[in-house]
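So you can see what is in the structure, the chains are spelled out below.
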Amino acid sequence: MTATPIPTPARKYDLSFARWVYQNIEGADRLSLCMQCGMCSGSCPIGPEMDNGPRKLFMMIRAGMKEEVLSSSTIWNCTQCYNCVVRCPRKVPVTYILQGLATVAAREGYAPAKPTAKFSRSFWRSVRWFGRTDERMVTMLYFFSYGIKEGIRRALANLPIAQRMVKAGRMGIGLPHRTKGAGSLRAILAKAEEIEARGRASQ
Amino acid sequence: MSKIRFTYYPGCSSQGAGIHLDRSLHAISRKLDFELETIKDWNCCGASVGHVKGGKLPSLALSGRNLALARSQSPADVVTPCAACYLNTHWANERIKNEPKVREQVDDALGAGGLTYWGDLKVRHICEVLVNEVGIGSIREQVTNPLSGLKVAGWVGCQTVRPFAGTESGGQYTTYDQPKFLDEFTEACGAEAVPFDKARTSCCGGSVAIYSPEKTLHLMRHVLNEAQDAGADVISTPCPLCQQNLEMYQEAINKQFGDSFNIPVVFYSQLMAVAFGMDGKKDAALDCNMIKPEKLIDKVK
Numbered sequence: 000m001t002a003t004p005i006p007t008p009a010r011k012y013d014l015s016f017a018r019w020v021y022q023n024i025e026g027a028d029r030l031s032l033c034m035q036c037g038m039c040s041g042s043c044p045i046g047p048e049m050d051n052g053p054r055k056l057f058m059m060i061r062a063g064m065k066e067e068v069l070s071s072s073t074i075w076n077c078t079q080c081y082n083c084v085v086r087c088p089r090k091v092p093v094t095y096i097l098q099g100l101a102t103v104a105a106r107e108g109y110a111p112a113k114p115t116a117k118f119s120r121s122f123w124r125s126v127r128w129f130g131r132t133d134e135r136m137v138t139m140l141y142f143f144s145y146g147i148k149e150g151i152r153r154a155l156a157n158l159p160i161a162q163r164m165v166k167a168g169r170m171g172i173g174l175p176h177r178t179k180g181a182g183s184l185r186a187i188l189a190k191a192e193e194i195e196a197r198g199r200a201s202q
Numbered sequence: 000m001s002k003i004r005f006t007y008y009p010g011c012s013s014q015g016a017g018i019h020l021d022r023s024l025h026a027i028s029r030k031l032d033f034e035l036e037t038i039k040d041w042n043c044c045g046a047s048v049g050h051v052k053g054g055k056l057p058s059l060a061l062s063g064r065n066l067a068l069a070r071s072q073s074p075a076d077v078v079t080p081c082a083a084c085y086l087n088t089h090w091a092n093e094r095i096k097n098e099p100k101v102r103e104q105v106d107d108a109l110g111a112g113g114l115t116y117w118g119d120l121k122v123r124h125i126c127e128v129l130v131n132e133v134g135i136g137s138i139r140e141q142v143t144n145p146l147s148g149l150k151v152a153g154w155v156g157c158q159t160v161r162p163f164a165g166t167e168s169g170g171q172y173t174t175y176d177q178p179k180f181l182d183e184f185t186e187a188c189g190a191e192a193v194p195f196d197k198a199r200t201s202c203c204g205g206s207v208a209i210y211s212p213e214k215t216l217h218l219m220r221h222v223l224n225e226a227q228d229a230g231a232d233v234i235s236t237p238c239p240l241c242q243q244n245l246e247m248y249q250e251a252i253n254k255q256f257g258d259s260f261n262i263p264v265v266f267y268s269q270l271m272a273v274a275f276g277m278d279g280k281k282d283a284a285l286d287c288n289m290i291k292p293e294k295l296i297d298k299v300k
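Heads up: the protein sequence lines correspond to chains A and B, in order. The first sequence begins at 0 in numbering that gives the first Met the number 0 and counts up by one. The second sequence begins at 0 in numbering that gives the first Met the number 0 and counts up by one.
Heads up, some of the hints might be wrong.
As the list claims (entries may be wrong) - Listing some non-contacts, in silico: residues in chain B with all C-beta distances to chain A over 10 Å:
#1 G134
#2 V142
#3 R220
Unchecked claim - List of simulated lysine-lysine pairs, DSSO-like, C-alpha gap at most 30 Å:
#4 A:K190 <-> B:K100
#5 A:K90 <-> B:K197
#6 B:K197 <-> A:K55
#7 B:K30 <-> B:K150
#8 B:K96 <-> B:K39
#9 B:K179 <-> A:K166
#10 B:K294 <-> A:K166
#11 B:K30 <-> B:K280
#12 B:K179 <-> B:K121
#13 A:K166 <-> B:K281
#14 A:K166 <-> B:K300
#15 B:K55 <-> A:K179
If you're looking for bench data, these hints aren't it; they were derived computationally from the structure. Just so it is clear, the structure is predicted and the values come from calculations on it, not from any experiment. Think of the CB as a built atom: it goes at the ideal place given N, C-alpha and C, for glycine as much as any other residue.
Same shape as in the complex, but just chain B (with noise of 0.2 Å):
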């Protein structure tokens, strides 16, 4: 089979909190046999803050601007591993193909800057991809390490789900009620998929948990505390923001609430990496995460 090829936008997390995903996703890619080419000279998507300052049309075009850099590469469909990141550039392709009017304004915003879009490129989640395109079957095939023993709790947040799957331009593979994709990965990498029912979709506070922290915390503590009470060893998320946060506040949430949570987040891809025999800093980037994913770095062939 020939190599399936993406246009890749990797989001601005993919340069800092987020390292890890986009190094362990580049990584599987090679045994998955599909190519990420990135989109040359990508910008932010807006994130769910940017609007507040910026506007409608103006985080439109941020987006807009993706699309057309993408669009002037290549034909093929843009996939994206952040949450944020797909919502915005699905939403805002999905606007510009439908909505004549807004293809016109970010049409003429796009010229200011010599670019062009009108909304012919197709936009998805890269867990999408991995379910409908390369396949759950093609996922377990590649596994030589099986992470036999290993319990994880899939935690798929938000924006990954909401409001696109189960909608055809979404791909329709998941829906947003008890998405199962994610608990699939871990299966096919040999580990064991723990109940998490009652978070497997919970907010962590999203952006709100980066400004004002404590008004989320015990959003956080509510997916921590079923992940321990179902005995995971390791929480495993699609979302970059997520991962960040769950990681970064257990200190802080353990501080107010008197919990003594230590429970390492990671992404299925780094699962993944690790369950494919691949190196374990080098393409399963475990050295990024703060909490140690002891049990994980121990199964590292």
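Isolated chain A (complex conformation) (with noise of 0.2 Å):
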């Protein structure tokens, strides 16, 4: 889908990476304010489980480390909590700017099989067929993304906590929750989509 291919550096201090990035994904255009001051990385709450941190990742993006970036865990593990984004003083978005990034190394290929573009698809699917999110089948989805067997066994392990959602009553055993217009609604997100591939293949 994307038309001109994201650029991968071939020498160092090599900015077409860089620019592809700030050009590309939203809120990016502030990176270049990014002076490294860490407060992003200091205020994140899942720092130790990020490889990078965001104060690092952004200074690869500017070393055209692209490979690096688009399979960091630091695009995959953040929780959204959007701490670096209200903190950064450079009023960088911090948060909006590895979402850009996740969406893009999901498209092009490079982690299918971290957690979160798992979770993401079995989460979009539900969304795209019922409009809502269920999340009886969301997990179902999530978890059998990873083989029938491993899929059983994940099934298992949490069916003491599905039972008692159940018994709370906060998980019900009939039909997928769903809105009634998904048909309209998934016509409109075909739409979105077709705009911007549209956008995309223009840059």
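Hints given; two lone chains; assemble the complex.
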């Protein structure tokens, strides 16, 4: 779908990848204002689960490290707490940039097996089919995205929680909740995808 | 005073894991004299993971459809109780309102479903409405069953206040640093708000806690530790995912860290329903909490 491929820098100090990010990831036009203060990484609740953290990731973008950036766990483990967004002294919308990078990395096939990408696929499928998130549907699609055997193992491991949810009246046992106009929602989403793809093609 | 009317976006959790937030909100709305008219045939907002597979514009279009439906129903403000629903819907609305290109693209996509939306609604979090429109005073006036002696840790979490609290479009009702509104709700109900400054806006791990819980258990433990140290009987929160995660994973946390947590996590609206003297099940939905808030249940009239 991408018309112009994402540039892969061939030498040191090649800014082609950085420029691509600045121009194609929403909010990343502010990245050139990053002064590497580290407020974002220092504010991050899940920093220990990230290989680089946002500060370092942003420097890696400037350094043209495309492969490392798009395979980085930093973009996958963001919990979307927005601490970095409200604290950045240069008003870099860090969370939004990580979201944009995650979308690109998923689309370009960088991390199909990462839990976030798998979970997002399951989630989006529920939204597309039914217009709503059915927690049972999303978790089952996600568990079984690891294969039948692992799916059964995960489903069984989570059975006690599911039973407690059912008992508390917070998980139904009937058909999935759905939007009546799910068909028209699908048409809207298809149109939005088409417009977005057209935008990419004209870049 | 005539009833204040809002268009209500309940969000997906209202039909599942967060059913007790929805039920208790409708209950207190009757006492506090505001009306919630649900968006007919609403859809998911995309939560915090949809964008990875869905992309930016389709994610905006999800909120666009809800807003178009809301607008065709009424010009009233759209309110939502869910942190992620608020974040996505408010963000989409502000962009549609302020960025002509986004407005055109979303409207173009909506056209495929026979809808249109041009950004003339206001999207609000229901806590902001309770503070700014209903007022803490009106909440206090409705209390017939003060929750005296109940110690409550007010855990705000992330997306209810970040990044929009303290901004003009976010209603200016609080800031993202040490927001006060949950403690004000607690005290209006006659309960005691315990000190909770370290974890007040701490993250539970959000959706990462659903697909990779092992990465986030220590985050929830941080919240539970402070609540325990402060002697809280219950933790009160506005966020359906915070409520679910913190309740659901206490056993796993106990197992991994050798703790013995069993702290109930309730919604502020459940506290209000009890304090307003309403029914413990039908109105406060206390039967929906997996860790039973015994001390709160004891106070039900």
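Hint by hint, here is what the structure shows:
Every C-beta of chain A lies more than 10 Å from that of B:G134, the closest at about 26 Å, which supports listing it as non-interface. A cut-off of 10 Å between C-beta atoms confirms that B:V142 is not in contact with chain A; the least separation is 27 Å. A cut-off of 10 Å between C-beta atoms confirms that B:R220 is not in contact with chain A; the least separation is 12 Å. Restraint check for A:K190 and B:K100: the C-alpha separation of about 15 Å stays at or below 30 Å, so the hint holds.
About 24 Å separates the Cα atoms of A:K90 and B:K197, which keeps this hinted pair within 30 Å; it holds. Pair hint B:K197 plus A:K55 holds up; C-alpha atoms about 27 Å apart against a cutoff of 30 Å. Restraint check: the Cα-Cα separation between B:K30 and B:K150 comes to about 24 Å, which is no more than 30 Å; the hinted pair holds. Of the pairs offered as hints, the one joining B:K96 and B:K39 holds, with about 22 Å between alpha carbons and a cut-off of 30 Å not exceeded.
A hinted pair counts as satisfied when its Cα atoms are at most 30 Å apart, and B:K179 with A:K166 does not qualify at roughly 34 Å. Simply put, B:K294 and A:K166 have alpha-carbon atoms about 21 Å apart, close enough for the 30 Å limit, and the pair holds. For the hint linking B:K30 to B:K280, the alpha-carbon distance of about 16 Å falls within 30 Å, and the restraint holds. Of the supplied pair hints, the one linking B:K179 and B:K121 holds, its CA atoms being roughly 23 Å apart against a limit of 30 Å.
Between A:K166 and B:K281 the CA atoms are separated by roughly 16 Å; this keeps the pair inside 30 Å, and the hint holds. Taking the CA atoms of A:K166 and B:K300, the gap is near 24 Å; set against the 30 Å cutoff, the hint holds. Distance check on the hinted pair: B:K55 and A:K179 sit about 24 Å apart at the alpha-carbon level, within 30 Å; holds.
Going through the hint list in order, the structure does not satisfy hint 9, though it satisfies all others.
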